[in-house]
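Participant: If you're matching them up, the sequences are chains A and L in order. Residues 27 to 617 (this note's numbering) make up the first sequence, in order. Residues 4 to 38 (this note's numbering) make up the second sequence, in order.
Warning: the hint list may mix true and false statements.
To be verified - What follows is a set of in silico ranges between Cβ atoms, one per label pair, in the way DEER data are often shown:
hint, chain 1, residue 1, chain 2, residue 2, range
1, A, L495, L, G22, 30 to 40 Å
2, L, W5, A, S497, 16 to 26 Å
3, L, W5, A, P354, 15 to 25 Å
4, L, H25, A, A36, 22 to 32 Å
Keep in mind that the hints were calculated from the coordinates and are not lab data. Don't be surprised by glycine CBs; every beta carbon is placed ideally from N, CA and C.
The primary structure of each chain is shown beneath.
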Amino acid sequence: MNANGWFQIALFFGVILLVTKPVGIYMARVFERERTWLDPLMRPLERLIYRIARIDETHEMRWTEYSVTMLVFSGVTLLMTYAIERLQQVLPLNPEKLAAVAPDLAINTAASFTTNTNWQSYVPEATMSYLTQMVALAYHNFFSAAVGMALAVAFIRGISRRESKTLGNFWVDTTRASLWILLPGCIVLALAFVSQGVVQNFRHYDHATLVEPQKVATTDAAGKTTTQIVTTQTIAQGPVASQEAIKMLGTNGGGFFNANSSHPFENPTPLSNFLQMVAIFIIPAGLTATLGRMTKAPRHGWAVFAAMGVLFFAGVLTSYWAEAKPNPLLHGVDQRASSAQSGGNMEGKEVRFGIANSALFATITTDASCGAVNSMHDSYMPLGGLVPLTNILLGEIIFGGVGAGMYGMLVFVVITVFIAGLMVGRTPEYLGKKIEAYDVQMSMLYILVFPLIILGFAAISLLMPNLGLSSLANTGPHGLSEILYAYTSAAGNNGSAFAGLNANTHWYNLSLGLAMLAGRFLLIVPMLAVAGNLATKRIAPPSPGTFPVHTTLFTTLLVCVILIVGALTFFPALTLGPALEHLLMHSGRTF
Amino acid sequence: MWDVVCIAATAAFFWIAIGYTHACERLARRKAGSQ
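If we strip away everything but chain L, and leave its shape as in the complex, we get (with noise of 0.2 Å):
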């Protein structure tokens, strides 16, 4: 059971930190755009 946890939670932070990535392109793009 602690063994799922362990790897989804793991899975999920990485998920989230390449959402991240994208999301800090998008304001990048909309900074671009902007200007």
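Isolated chain A, as found in the complex (with noise of 0.2 Å):
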């Protein structure tokens, strides 16, 4: 740890804070259908949208309607891409003659990016054509993280409404977070990653000798080893700069490339890793000040910052400090931090980001839905690994995924409020809406879903070794913490991964899938329950006993709320897993 990474961890902080407020005002100006400088170039264009498919823009949904349109629109284009997939060697932009791709393999991948996990059991540059990545992949990029968006507004206009039954339009809130936000956004991050030397082209991939001829053995299914002589090497290409740019500000984080924001074709400089960390986080934060502008109460938008602030510096923190000690079990070996080293531990990590944005790469990624990795999650130190799991542990409320992380800290604070209220003795009030029993138990059902896919899937994956283990790479607790982030990026729609296990057979690719599904839309489902609810609520003046929600009390409430149902939910699976391997590690055991 020295100064360099503090200031590079405060800067990115400080870069945040600024932007949250424009960001979120512009936001709520968006989705309020007030006036914005985008308004001449992109008014005609949604116009012409809802002509074209005959969508009444002056329809109010109710939060039913609202669901079952945003379950049919991602069914279909689920299904839509399955197709695409499949039938890949037959259509354009395919010059490299690439195969279709497994069903099982391309129900997962369509399953990943319909539900923005982005969760790659492939070698993309391998496997998909460039019309897939552009066409079937880029498109879920922008749709997956508009339809967040549409849902966290949803949510806001339930507690910001009074005495109505609807929550909006999902069409309407989608095609203008497209239109509005997304695309702009893109375009110019695109340019910019361009600018730092993301490659952005259709050519066929580049085949280079190699000055030193490699040696590779490789060992089939059957236990049998052969070993070749590599002299060449294909160097993949395509149009990285602009899915790099969704990537990001979608909190998709599904790499042009195997080997993702590492490869230096996706992020070539320390300021296209900035920039990449900032284009995480920047809607996720400015839905803060969204939440503060909608419901007029802009103390509270801070207050709800602030608690993401908190946790976002306990993760990064913790891993900074775990990943930049040296390696107990290297005797004898030089790890401290000097100029000619990063020190600490640099196995998994690029030597051009080195440990500090490296550490503060993966808290992101993973307090964000984003799952793009600068690092190997899988060779951080037990601790550091802990984090990026916790993290996504937590729900991904810790700023969040694009919409998803608003809406998943909102069922918190509903959380919140009702403890506060049986605290205090009184009726539990969130901005003058009174919590009542439906609004508790639709939002304990969000909280208990999430858990239930995790740790069942998990289990089954463990009990039964034919299905879960034989593509498991490591025994013990990191095997187990193998599993365990597997299916927890899959059901929080993260999609990084631990790596150490082979997760393209049959198994893993539909129960990864169908945990992807429940862990996106059947939280949704009740989470827009409680939106619609609170809508039709009247907002109650201020009284003596109302529980303030824009205090450090209430700050300070909301941590230890998703802290202690985090640690309570899943602390004995963390404990045989990275805290375990933590204390072996230091009696002289790996695995």
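Mind assembling these two chains? They're in different frames, but the hints should get you there.
Facilitator: Laid out in structure tokens, this is it:
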């Protein structure tokens, strides 16, 4: 840990702090249909889309209609993606003549991108054609993010509207999120990435002759090892910058290349790395200001931001501390940071990013539901790896995914207000709205479904060796962490992998695909139910018994509720995974 | 064959999710009726 690392972490958060209010107010104006500087350009386009799709933009939807529309839209686009993957060998923009994607992998990938997860059980540059990447996958990068934002705004309307049966119009919210926020943001970001050296082309892959031929040994399923001499290297190309922009801004995370943001064509410089990290947090952070503006309680928005900020710093400081420390098992090796080396645990990390930017990126990408990586989480020290896992297990509400983080956090706010009401013996109220049994039941359903998916699938994988353990590279607590991380990442719609687990098997493709769908849609429904119920209520004026939701006390209570819920639910699994691995490492055992 | 299974399973999931939506709404109506 050094001053340079601290400065970069502080600079990152300072930039996020600066952009939160302007971005949040802009988004509030977009969703409230107030005038913005992009209207002359986007409004005609928006009207054209509605005319072609026969959408009545004045139609308001009840929460059930909003939910069913979103579900049908997601289901249909999922199947379209599946079809493109299965037919890519006969479709254009496939210069490498890549074959059709296998059915189980295709459905896993379609579910993954529809749910904003972007879990990838495959090597993208060797599996997906340019058309599949651009039309099927990048399309979902935009619309899964836009759907997330629409849902967050629907929840905020549920809080801010009084005695209303409706939450807005799903089509309008999704269209405006795409046209006014994601599209312009991505154009600017893609150009910035190109300026840093991120590639953007449709060329055939390059083939280079190696200066020094490499001897490579491969072992097949029967255990037979063959050795071959490799003399050439294939250098993949493609329209990377444009996909990279929405990958980060939409907190999607699916890389154009297998190495994701550690690949020099995806993330070549420290500046591109910084821009990628800011792009992940900019919309989720801005949504706290959107919350404040739309509910006419800006200080509440900042209180939510503060709770997210506290949890963010707890994660990044733990991760940086764990990774900057020398590995206790490497006796007699100089692991101190100096002008010649980064020091600490550099396994699985890029030298050009070092410890601080790797720990920061890992924290950000798992606070949000992004899942992009610039270092390999599997190579982190046990406590360093605990941070990304815990961030996702808490529900990715630390700024969180685009929209998903905000509505997830608001469910925790409802629970917090309910608990505060119980503590003082009064009917809990949230910004003047009474929190009643139905709101708490639906909020608890949201919170309980998530661990049920993760722990249920992880338990099945562990108990059925032929299904879950046959493709696992590590044993002991590290192996448990790898399986737990896979289902956590899937259900949390994060998409990052802990590695060490070959997830391209029938069992993992299908079970992880189901975990992604359940983790997204079975949580959205009760969340919208709470929003719809809140919208129907009248707003009571504040009384001496009202629990203020803009104070330090509220922020503290909110953080405690999040930690207690997360700790109680997942503490046993985390104890048997990263915590046990940490203790065993200090006694000399590794896995 | 696999294609049919994948498409049918996806359709079934979303059909269940729509049913889940209506079940949540019915619970809300029942709660409102009992208050």
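Participant: All hints are to be evaluated individually against the structure, with a verdict given for each.
Facilitator: Going down the list of hints, with the structure as the test:
1. The supplied range of 30 to 40 Å is met by A/L495 and L/G22, whose beta-carbon atoms lie about 35 Å from each other.
2. For the pair L/W5 and A/S497, the supplied restraint of 16 to 26 Å holds, since their beta-carbon distance comes to about 19 Å.
3. For L/W5 and A/P354, the hinted distance range of 15 to 25 Å is not satisfied, since their beta carbons lie about 48 Å from each other.
4. L/H25 and A/A36 have their C-beta atoms about 49 Å apart, which leaves the hinted 22 to 32 Å range violated.
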